[in-house]
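**Student:** Chains as they are written, first to last, in our numbering: chain L, 61 to 231; chain W, -6 to 51.
It is worth saying that the hints were derived from the structure and are not from the lab. We put the beta carbon where it would ideally sit given N, CA and C, even for glycine. Hints are supplied without guarantee of correctness; some may be wrong.
Claimed, not checked - Within a straight-line C-alpha distance of at most 20 angstroms, the following computed SDA-like cross-link-like pairs (lysine to any residue) qualify: (1) W:K5 to L:K63; (2) L:K220 to L:L203; (3) L:K63 to W:L23; (4) W:K5 to L:R189; (5) L:K223 to L:E199; (6) L:K63 to W:R22.
Unchecked claim - If you only want the chain L side, here are some residues facing chain W, beta carbon under 10 angstroms, derived: (7) W91; (8) G133; (9) F135; (10) V168.
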Amino acid sequence: MEKIFALINQMEADGVIGRYAIGGAIGSIFWLEPFTTMDVDVFVNLPPSAGGALLSLSPIYDYLLARGCETRGQFIIIEGWAVEFVPPGTRLVEEALTAAVVRDVNGVPTRVFTGEHLAAICLQVGRARDHDRVSRFIEQGALDAEKFEDILHRHGLLEKWVKFQQNYPQP
Amino acid sequence: MTELMRRIIESKRACRQELATLPVGEKLRLVEQMIADTRAITATQPPKPANPVRIGRV
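Build out the structure end to end from the sequences listed, making use of the hints.
**Tutor:** Written out as structure tokens, the structure reads:
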């Protein structure tokens, strides 16, 4: 998988994408135990297209298709993995992208969301599997309480956090 | 919860914690292995029941 991360680093260096960070399930695996997932979510700031303010994923597709990658729905297949490039859709994800940290994957520096932001995003999205992931973060002791509660406070998620704690007792 | 269940849960938790401490590269290699194994199982295509359970509004 480090080949994917190396390619994404190259895309950033070439200016095809702005700042990127790995999120979703693969991002969570950086902080948790490995578990099965089929895709790689890459959150990206997109450079504005020439001559207009509209943001477009086309340069990403063009860049990767020219390097032999294929598309499958909204995904681009890189090294056998379904990779999706996602511009941040909420203030929380924008902040997660800004606060992302670099970790080494077999010699490839890879930017990834912090555990606190990943867990907060899970809480915000709120599906059953997202709640399950929050409980894994807690069980692993992977979250700094002060940082996590600060994020929840700033993004209006404290009520969801209270409800979560009522439904998911301490592991 | 029985004592046996408690021990099984605790054992799984300890296993998850041990796996979480592996280097990221090793964790991602395990994910790739799991996906390959999952695909092999999926390829067996188990028969579907004739009358599958559905979620209905009561």
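**Student:** Given the proposed pairing of L:K63 with W:L23, does the C-alpha separation stay at or below 20 angstroms?
**Tutor:** Holds - the C-alpha atoms of W:L23 and L:K63 are around 16 angstroms apart, at most 20 angstroms.
**Student:** With a cut-off of 10 angstroms, does the beta carbon of L:G133 approach a beta carbon of chain W closely enough for the hint to hold?
**Tutor:** 18 angstroms, violated
**Student:** W:K5 and L:R189: Cα distance at most 20 angstroms?
**Tutor:** 18 angstroms, holds
**Student:** Quickly compare the C-alpha distance for L:K223 and L:E199 to 20 angstroms and report which way the hint goes.
**Tutor:** Answer holds: L:K223 to L:E199 is near 18 angstroms, not above 20 angstroms.
**Student:** Does L:F135 pass the interface check with chain W, least Cβ-Cβ distance below 10 angstroms?
**Tutor:** Hint violated; L:F135 Cβ to chain W Cβ min 15 angstroms, cut 10 angstroms.
**Student:** Given the hinted pair L:K220 and L:L203, is their alpha-carbon gap at most 20 angstroms?
**Tutor:** Holds, at about 17 angstroms.
**Student:** Given the hint that W:K5 pairs with L:K63, does the C-alpha gap stay at or below 20 angstroms?
**Tutor:** Violated. W:K5 to L:K63 sits at ~32 angstroms, over the 20 angstroms cutoff.
**Student:** Answer holds if the nearest beta-carbon of chain W is closer than 10 angstroms to that of L:W91; otherwise answer violated.
**Tutor:** 7 angstroms, holds
**Student:** Does L:V168 pass the interface check with chain W, least Cβ-Cβ distance below 10 angstroms?
**Tutor:** This hint holds: L:V168 lies near chain W, its Cβ roughly 9 angstroms from the closest one there, short of 10 angstroms.
**Student:** Going straight from one Cα to the other, do L:K63 and W:R22 come out at no more than 20 angstroms?
**Tutor:** Holds, because 12 angstroms separates the two Cα atoms, which is no more than 20 angstroms.
When held up to the earlier numbered hints, the structure conflicts with 1, 8 and 9 and fits the remainder.
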